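As given, the protein sequences belong to chains A and B, one line each in that order.
The first sequence finishes on residue 401 if you use my numbering, and the numbering steps up by one all the way, no holes.
The second sequence finishes on residue 243 if you use my numbering, and the numbering steps up by one all the way, no holes.
What the hints contain is simulated information worked out from the structure, not anything from laboratory work.
Small disclaimer: the values here were computed from a predicted structure and weren't measured.
A few of these clues could be false.
What the hints assert, rightly or not - Example chain A residues on the side facing chain B (calculated, C-beta under 8 Å, incomplete):
no., residue
1, Asp27
2, Thr243
3, Gly256
4, Asp259
5, Tyr334
6, Arg358
7, Arg362
Unchecked claim - Below, simulated DSBU-like cross-link-like pairs (lysine-lysine); rule was C-alpha separation at most 35 Å, straight line:
no., chain 1, residue 1, chain 2, residue 2
8, A, Lys37, A, Lys81
9, A, Lys375, A, Lys125
10, A, Lys315, A, Lys276
11, A, Lys269, B, Lys225
12, A, Lys327, B, Lys68
13, A, Lys319, B, Lys105
14, A, Lys269, B, Lys76
15, B, Lys85, A, Lys269
16, B, Lys105, B, Lys68
17, A, Lys81, A, Lys354
18, A, Lys69, B, Lys227
19, B, Lys68, B, Lys146
20, A, Lys354, A, Lys125
21, A, Lys319, B, Lys225
22, A, Lys354, B, Lys221
23, A, Lys375, A, Lys40
24, B, Lys227, A, Lys319
25, A, Lys37, A, Lys69
26, A, Lys319, B, Lys206
27, A, Lys125, A, Lys269
28, B, Lys59, A, Lys276
29, B, Lys59, B, Lys85
30, A, Lys309, A, Lys375
31, B, Lys206, A, Lys81
32, A, Lys69, B, Lys76
33, B, Lys146, A, Lys193
Ideal placement from N, C-alpha and C gives every residue a C-beta, glycine not left out.
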Amino acid sequence: MNRDSESKYKGFEADRSKYPQMEKDKPVIDLESQKFIKTWQGPQHPGVTGNMSVELIINGDEIVDAKTHVGYLHRGFEKLMERRRYIQCFPIVCRICVPEPDTNEYCVSAAMEDLAGIVVPEKALWLRTLNLEMSRVGSFLMWLGGQAGSLGMGAIGQWTIGMRDFWLDLFEEMTGGRVYHMYMIPGGVRKDLPEGFRDRTRELIVRTRALLFDIEKTFFNNAIVKARLKGLGVISPEMVTEYGIVGPSARASGIEDDIRINNPYGKYAELDMKMITSDVGDAYARAEVRYQELHQSLDLISQIMDKMPEGGKIQAKLPNVLHWKIPAGQTYVKAESTRGEHGFYMVSDGTKYPRRVFARGASYTHAISVLEKLAVNISISDLAALMVSLHTCPPEIER
Amino acid sequence: MKNILKRLNEKIDDLVVVKQRDDLYFIKVKREHTDFILRYLKLDENFKHLDFMQAVDYIENNQFQLTYMLYNYEIKINLGINVMIDREKAEMDSMHRIWPHLWQYQREIHEMYGINFPGSPRVDESFVLEGWEEMPPMRRDFDTLEYSKRTFYPRPGRSTNDPKEYMKEKLYHDFAKSPKIRRDDE
Numbered sequence: 003m004n005r006d007s008e009s010k011y012k013g014f015e016a017d018r019s020k021y022p023q024m025e026k027d028k029p030v031i032d033l034e035s036q037k038f039i040k041t042w043q044g045p046q047h048p049g050v051t052g053n054m055s056v057e058l059i060i061n062g063d064e065i066v067d068a069k070t071h072v073g074y075l076h077r078g079f080e081k082l083m084e085r086r087r088y089i090q091c092f093p094i095v096c097r098i099c100v101p102e103p104d105t106n107e108y109c110v111s112a113a114m115e116d117l118a119g120i121v122v123p124e125k126a127l128w129l130r131t132l133n134l135e136m137s138r139v140g141s142f143l144m145w146l147g148g149q150a151g152s153l154g155m156g157a158i159g160q161w162t163i164g165m166r167d168f169w170l171d172l173f174e175e176m177t178g179g180r181v182y183h184m185y186m187i188p189g190g191v192r193k194d195l196p197e198g199f200r201d202r203t204r205e206l207i208v209r210t211r212a213l214l215f216d217i218e219k220t221f222f223n224n225a226i227v228k229a230r231l232k233g234l235g236v237i238s239p240e241m242v243t244e245y246g247i248v249g250p251s252a253r254a255s256g257i258e259d260d261i262r263i264n265n266p267y268g269k270y271a272e273l274d275m276k277m278i279t280s281d282v283g284d285a286y287a288r289a290e291v292r293y294q295e296l297h298q299s300l301d302l303i304s305q306i307m308d309k310m311p312e313g314g315k316i317q318a319k320l321p322n323v324l325h326w327k328i329p330a331g332q333t334y335v336k337a338e339s340t341r342g343e344h345g346f347y348m349v350s351d352g353t354k355y356p357r358r359v360f361a362r363g364a365s366y367t368h369a370i371s372v373l374e375k376l377a378v379n380i381s382i383s384d385l386a387a388l389m390v391s392l393h394t395c396p397p398e399i400e401r
Numbered sequence: 058m059k060n061i062l063k064r065l066n067e068k069i070d071d072l073v074v075v076k077q078r079d080d081l082y083f084i085k086v087k088r089e090h091t092d093f094i095l096r097y098l099k100l101d102e103n104f105k106h107l108d109f110m111q112a113v114d115y116i117e118n119n120q121f122q123l124t125y126m127l128y129n130y131e132i133k134i135n136l137g138i139n140v141m142i143d144r145e146k147a148e149m150d151s152m153h154r155i156w157p158h159l160w161q162y163q164r165e166i167h168e169m170y171g172i173n174f175p176g177s178p179r180v181d182e183s184f185v186l187e188g189w190e191e192m193p194p195m196r197r198d199f200d201t202l203e204y205s206k207r208t209f210y211p212r213p214g215r216s217t218n219d220p221k222e223y224m225k226e227k228l229y230h231d232f233a234k235s236p237k238i239r240r241d242d243e
């Protein structure tokens, strides 16, 4: 994608000639002067899946200062895991992100395998890759509905959430759970595919593509969407490295960073895929990149269905997991979620319990440092669209 | 990566390198070298992306381990930098000038582990624990059970069962007689 846009890497710049007065590039904010209003966006609002609030200072309808507040979803997962045996961590980690729990399961399994030196069977790697891609489709559909909903197009949200439900049906067949799957465990996966699963998946891919065709017409070709998203929240390539921006948000600014391609895991190295990037960097470019990646995920699922062998072992032999001691060491395992790099840092001290487990989610910087920077100077009505375009998921900020 | 480690070894003495995977290395550096090493790796060796910064409590050695995880887009390798600091006087130099988003991690570690980062922006603001007055909860010596007993109280009408007895009584009373579940690979 290369839009010849006058706003390339340059966002909207407000006229600061009158007020607020600027001192060292920062507005002088005096709430007593009655020119500013302090207001809160959230914790419940359409901008994100979860609870998070942004403390705003507005001047007219323009945001002059923003500060993110989290803490509404802190469940102390990392502390809990320090008191759980390794296998008992699995019902916990998937709850770190509701729309896309499988990336957490994969990262924790892979971290334990890395520390314990377990080799995963071929078929299990295929099933993991399939599971991860299906969860990406579900999460992208949810995002697409949110992005449309934040611009007042509620119908598209209903279409995509409806379609996501059919994907959840497939998850239920595959794993037994709709939202939280607990499918991947150290050494492999819990179950093989049920009979007829491949045909049903292929059928659903066709139906999803038909829906996306409609959405392309109504959303991406919509003049209002273009007018509101183009030039909104522009991220430059320099900002990507300085602020730790990852995933589609980084790729929409021209940084070629996709973990599935750069550091392949599962069976991604055997699949045919190419990096999707844009060099515009605004909210519309991020939407376009994500939309193409949704198609890419559907394509990858088709490829997996064709290439995955029928039979084979799905579990490596593990010791008794209730008394499982993992050798001392530390590791970091990462995977590409729909929001970007999702990783787990795990430290083992050789006992039955992990010494430290840290979940690194993409939203950690996107929703705090980046959002606080990008929200300044935009209209308050565009804030929800900006938050969705950064694809924020608050539970992974506070874990 | 070998060349990078070789050049790094020339700059500082006693560099401890652990190779975890082909795309993941850990090095252990002294606290006073951290600022120099991070700047050098970012500016000269292209480790431009900071994945995260976190702390681990080694209470038995009276130390905290800080980990900075860097990534190089070109050679596609992660490099973790481990720094040990004293647990009693838990303080570390702030690195927020190297990566502008690092203050967030420092604020979280300050709240969760009580490690101080003098000069880090907004380090004293609360992150997720608004109004918390106990000791930093991620420290190993924070007693969660004692805290729960002190803070929460049994509600009237609720009863508690011993899990082992309860399972025996209600659910699995014939468990010993049930056929053994076998896995495919057994």
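Here is what the structure says about each hint:
no., hint, verdict
1, Asp27, "violated (14 Å)"
2, Thr243, "holds (4 Å)"
3, Gly256, "violated (12 Å)"
4, Asp259, "holds (6 Å)"
5, Tyr334, "holds (6 Å)"
6, Arg358, "holds (4 Å)"
7, Arg362, "holds (4 Å)"
8, A:Lys37 x A:Lys81, "violated (45 Å)"
9, A:Lys375 x A:Lys125, "violated (45 Å)"
10, A:Lys315 x A:Lys276, "holds (30 Å)"
11, A:Lys269 x B:Lys225, "violated (44 Å)"
12, A:Lys327 x B:Lys68, "violated (38 Å)"
13, A:Lys319 x B:Lys105, "violated (40 Å)"
14, A:Lys269 x B:Lys76, "holds (23 Å)"
15, B:Lys85 x A:Lys269, "holds (33 Å)"
16, B:Lys105 x B:Lys68, "holds (19 Å)"
17, A:Lys81 x A:Lys354, "holds (15 Å)"
18, A:Lys69 x B:Lys227, "violated (51 Å)"
19, B:Lys68 x B:Lys146, "holds (28 Å)"
20, A:Lys354 x A:Lys125, "holds (28 Å)"
21, A:Lys319 x B:Lys225, "holds (30 Å)"
22, A:Lys354 x B:Lys221, "holds (21 Å)"
23, A:Lys375 x A:Lys40, "holds (17 Å)"
24, B:Lys227 x A:Lys319, "holds (32 Å)"
25, A:Lys37 x A:Lys69, "holds (19 Å)"
26, A:Lys319 x B:Lys206, "violated (41 Å)"
27, A:Lys125 x A:Lys269, "holds (10 Å)"
28, B:Lys59 x A:Lys276, "holds (29 Å)"
29, B:Lys59 x B:Lys85, "holds (16 Å)"
30, A:Lys309 x A:Lys375, "violated (45 Å)"
31, B:Lys206 x A:Lys81, "holds (17 Å)"
32, A:Lys69 x B:Lys76, "violated (40 Å)"
33, B:Lys146 x A:Lys193, "violated (50 Å)"
Comparing the model with each numbered hint stated earlier shows that hints 1, 3, 8, 9, 11, 12, 13, 18, 26, 30, 32, 33 do not hold.
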